[in-house]
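Undergrad: Line order of the protein sequences matches chains A and B. Sequential numbering from 2 applies to the first sequence in the working numbering. Sequential numbering from 2 applies to the second sequence in the working numbering.
Note that these hints are calculated values from the structure, not bench results. Ideal Cβ positions, reconstructed from N, Cα and C, are used throughout, including at glycine. Treat the hints with caution; some may be incorrect.
[As the list claims (entries may be wrong)] Partial chain A-side listing against chain B, Cβ under 7 Å, derived:
{"id": "1", "residue": "85"}
{"id": "2", "residue": "127"}
{"id": "3", "residue": "128"}
{"id": "4", "residue": "172"}
{"id": "5", "residue": "184"}
{"id": "6", "residue": "200"}
{"id": "7", "residue": "203"}
{"id": "8", "residue": "223"}
{"id": "9", "residue": "233"}
{"id": "10", "residue": "234"}
{"id": "11", "residue": "248"}
{"id": "12", "residue": "259"}
{"id": "13", "residue": "269"}
{"id": "14", "residue": "273"}
{"id": "15", "residue": "291"}
{"id": "16", "residue": "296"}
There are 2 protein chains.
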Amino acid sequence: MKNILIIGCGLLGSSLLRRIHKKKLVKKIFIYEKSKSNIRKIKKLKLPGIIVKTLEEGIINSDLIIVCTPMSEYKKIILKINNFISAKTLITDIGSSKIESTKIIKKFLKRGIHWIQSHPIAGSEVSGPEHGKDNLFDGKWCIIIKEKNTLRKNLNILAKFWKKIGSRVVVMKAEKHDKIFSITSHLPHLIAYNLVKSAQDFEKKQSYGLIKYSAGGLRDFSRIAASNEIMWRDIFFNNKTNISKAIDLFIKNLNEFKKDINSKNNKSIIKKLIQTKKVRSKIIKLKQDIDEPDFGRD
Amino acid sequence: MKNILIIGCGLLGSSLLRRIHKKKLVKKIFIYEKSKSNIRKIKKLKLPGIIVKTLEEGIINSDLIIVCTPMSEYKKIILKINNFISAKTLITDIGSSKIESTKIIKKFLKRGIHWIQSHPIAGSEVSGPEHGKDNLFDGKWCIIIKEKNTLRKNLNILAKFWKKIGSRVVVMKAEKHDKIFSITSHLPHLIAYNLVKSAQDFEKKQSYGLIKYSAGGLRDFSRIAASNEIMWRDIFFNNKTNISKAIDLFIKNLNEFKKDINSKNNKSIIKKLIQTKKVRSKIIKLKQDIDEPDFGRD
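Given these sequences and hints, build the entire structure.
TA: As structure tokens, this is what we get:
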């Protein structure tokens, strides 16, 4: 692999940029970024890479294109890419939901061009190139989406690339991906947004200065509820069928909890609370979170 | 203040013990602990204080008693305390909900004895004396509950005590306390338990190995959902009226979110997501959480 083009240089794009540069994975890294504010930041931070003014310049010189924009930009980008792309250049992305993107790629991308979707499970509540880190992907999972017509050769190139970035690679289908992440990521984000919204609604009525007392639990949720709104709107819309089902399951369980609480059903509550506890130790064992009480923050 | 008795020496009790000893706040610290396993741990860790075999021994020699047991133990403890207590000794506790405890104290505590409730907003998903820390209360709020007949003199003694422990003190009524914490603490915990339970239910059906991919959001909730089950059962039961209302508000909002997602209501979703983001910066500004992306854990 000689050159790479990164389209969209926010938190994820700039983290990839930093990592690719640090590990000297390619000769040239091209950056296409439409936000003037982000370009100013990239220049001020003296990040590596060549900022290209036109997509054409980046595309014709690159072996791999990584689309790191919100998913709602994909269609527009594809229509532009189509003008310059050849089958020699592989395309990937870092989007958090996959079925809807598959449809858009199938519908709009020029025939014979290879786009294999990726989803690195890495991110943060902050966004923008100033927050990128070269070790953002270290030890994190990266899901690569395999479709019927995905070429083994290209899959291997992409898997090799993500491993060099520091990720652990797993291959799955878009359907399975979107189901899994509706539960482990999309529902948790929605729930966090919804909890903070409910606290705000309550505060509007009562004016108790609630937020002052958020260390008792709410603060944990507020982190996730501070995530980028464009990115999350896209995820919620793109994976709406699975998320809707997840909401239904969640509400059903919450109503049962409420019933247990109101009837003081000791046995049922204790059983649930002991059961959920086990997930934490599993998560720690699987190295998906830090092994310190309170995230080690105090 | 000469001597203090701590009843129940788990995470909170042992943190108080460590702090009182470190700052040399009193001459003698008595510990009454009914769990043999906890007593073994206290001895093994060589924690300070005198372990008393009977409540009487601790009570008759102390100016302040701090009840650090689960709230479901209060009635039993009160009935024992009544045999030895005099009006000179002040009692407090560290329970997380207050209306129900007020009722129990009023109903069972001997006339003329002073129990002023406290609630230090400090804790962790881990429990037991081995996890206590002398700085657990540093800069954290401690709510002191004022009732109609609370003596100003005793309130001042207690406020002074918590300040020496490192807390910032605020005085309020039980009703206001229970409303505030139903939103900032009790609902968040219930939601976290419920989310993890829903993920478990989903996994039972699909066997996707979900937990492996929990870094996308679920892991944050799993921390809170690993909290002590006895403590949280007591809170859910004791504050059930407020928690029920909070659940109703939460479900109402979640159904609206679902509607917005399914109808792809861009304007409404973006408005909500931008709105909730503001709470995070408020929390950071009020020093209720660490000012680093991702809780600084990566």
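Undergrad: Let me make sure I understand: some of the numbered hints might not hold for this structure. Which ones are they, in numerical order?
TA: Per hint list: 1, 3, 4 and 13 violated.
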